[in-house]
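Q: Take a look at the letters that make up each chain.
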Amino acid sequence: MIPGDGAGGALMATVALPLAGSLLAVVLGRHGAQVAGGVALGVGAAVAVLAAQVAGGGVLRVDLGGWAPPLGIALMADGLAVAFLGLGAVVMAAVVAQAAALFSTRGGESRAGYGFWPLVMVLWAALNLTFLSRDLFNLYVALELLTLGAVALVAIGGQAGPLAAALRYMVFALMGSLLYLLGAVLLYAAHGTLDIDLLAIRAQPAPPDLVAAGLITAGLAVKTALFPFHAWLPPAHAGAPAPASAVLSALVPKGSFFILWRLWFEAMPDLAAPPVLTLLAGLGGAAVIYGSALALMQGRLKMIVAYSTVAQLGYLFLVFPLAGGAGAAQPWEASAWTGTAFQALSHGLAKAAMFLAAGLFVMAVGHDRLEGLRGLARTMPMAVFGFGLAAVALLGLPPSGGFTAKYLVMTAAFASGQVVWAGVLVVGGLLAAGYLYRPMAALFADAAPGPLTPVPRRLQALPLLLAGLAIGLGVASDAPITFLAIGRPDAAAEGL
Amino acid sequence: MIDPALLYGLTGAAVVGLGLYGFLSLRHLLRRVLAFNVVGSGIFLMFGAAGYRGAVAEGTAGADPVPQALIITGIVVALAATALAVGLILAHARATGRRTLPEDDT
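Protein chains in written order, with the working numbering: chain A, 168 to 663; chain D, 5 to 110.
Everything labelled a hint here was simulated from the structure, so no lab data went into it. One thing to keep in mind: the hints can contain errors.
[As the list claims (entries may be wrong)] Facing chain A, according to a computed beta carbon distance under 10 Å, are these residues of chain D, among others:
hint, residue
1, Pro8
2, Leu14
3, Gly16
4, Ala18
5, Phe27
6, Val37
7, Phe48
8, Ala95
9, Arg102
10, Glu107
Quick caveat, the model's predicted, so the values are computed rather than measured. Built from N, CA and C at the ideal position, the CB exists for glycine as well.
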């Protein structure tokens, strides 16, 4: 594929547009919201073109500048990458819409109002690059940009609490990037390339590669907030302004997980030994239980939603021992792999809806302590309904995308005889019902809320829209399952 | 006579070890950022040595240029991360008067 034609151009636009928008937003200052709106439209169109191209013509590869790997860097759009690009575009569009209202009502002169737009767009460019890039060093740069943007978004308000949360995030993130970089250096020293497809040919199940893969995995686990490296996530995600929280919780951890996924399934599928896979899934399972238990104990809505992210990210790690578990025995091959993609997409939509709704509650009440939210369902029915639908998707109740995800993963767990992971899904679902019941009970309480700042209806529609998409992902799950299978690695069906 | 690439590689590994120890044991945030930079330098040294060794193995003159390009990119990334970290440390110190994270206070 020659760069410059329609589809290749669309592929590069998903990265180039937000990056250009970020620089433009710095120059234009107070017109950041308009720039971001334009970028959201442009990226949305580019993703639509890409999706049509990939659905019709299969996987799309672009060698940047016409240089093929190992000298150059390849970008690739397969079904998985485009699905995540789409998730990013939808969430970002909603976030831009809410942030535009939030930062203009406060008077566009605030520091957060200036800083938000360049940061959120540079983060978006980096995120899209992590989904598309095929080079481990290029992915490192993308991951760093993603993290730096995310850390800065946490600190954007400038209060002491979020600043400490941002610093803690930064310390963990620096550690993670060093581990990742060290692993990448060892891989280059051994094989002379960092291209995922070349590594897939050259990697050996021998100690040097195992050490490198272990370092990269540890680094990415820190950045994905896998238990026990999760301590930085809840205060950071809860401390940021609501639109930033939505991006941080719904999208940013998916970037590092996505690289981890590519590494094990595509770069070195032959390297995985059962103990390693069990360890990753075990930590994921611990994250589900521990994150949910802590979510039960929180008194603030945003902290509940943030701890729920720790738990929901844990589910993603169950894919490692389960992939291929159901194998050809099922009409949907690779059910754990597909289910995990569904879990990531569904969680992204639902979590963004929850944080945007929480932001509206904060806008109305002035804080997010549970007792202050009593009776809000009367005055903000749309936002509360959106929150409720998002809760349905997180719980994995039918017919949501979360249900499809859990159903696929659980099928794989039973078919492969690894019933313990099915137990994690069940217990995690029950605990989620527990921690989500508390905010729901408060919102629907039969009480008149105190004095409220009115919240425009069009803002209330945003969380409802996102949560509706999370449900729709389950209702119309056939098309996304077929789409995700485009360019799916063999290891997804055969197991690691 | 020890192979220079091996010497550089081992030195890099030692620097990485020293930096990691500092990063994990120190509580003063500025020291931790400096330790991060020490680890980064060690990794870049190892990377350069790997490029030199690769070129010797292939019998070409000069070193493999790819690691050098990647090292320069890595330095830029580390510089950006350091700048942000120092900015955050300063803002945090102004807001709270502390130079450590709240959980590290003794």
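Q: Give a verdict on every hint.
A: Status of each hint after checking the structure:
1. Interface restraint check: Pro8(D) against chain A, minimum CB-CB distance 15 Å, threshold 10 Å, status violated.
2. The restraint placing Leu14(D) at the interface with chain A is violated, with a minimum CB-CB distance near 13 Å, outside the 10 Å limit.
3. Taking 10 Å as the C-beta contact cut-off toward chain A, the hint placing Gly16(D) at the interface holds, the least distance being around 9 Å.
4. The closest approach between the C-beta of Ala18(D) and any C-beta of chain A is roughly 14 Å, which is over the 10 Å cut-off, so the hint fails.
5. Contact between Phe27(D) and chain A, as hinted, is supported at the beta carbon level, the nearest pair being about 7 Å apart and thus within 10 Å.
6. Using the Cβ-Cβ criterion of 10 Å, the hint placing Val37(D) at the interface with chain A is satisfied: the shortest such distance is roughly 8 Å.
7. For Phe48(D), the suggested interface contact is upheld, since its CB lies about 8 Å from the closest CB of chain A, less than 10 Å.
8. Given hint, Ala95(D) at the interface with chain A, holds; its Cβ is 6 Å from that chain's nearest Cβ, closer than 10 Å.
9. Evaluation of the Arg102(D) hint against chain A yields a held restraint, the C-beta minimum of about 8 Å falling below 10 Å.
10. About 8 Å separates the beta-carbon of Glu107(D) from the nearest beta-carbon of chain A, less than 10 Å, and the hint is met.
Checked against the numbered hints listed earlier, the structure breaks hints 1, 2, 4; every other hint is satisfied.
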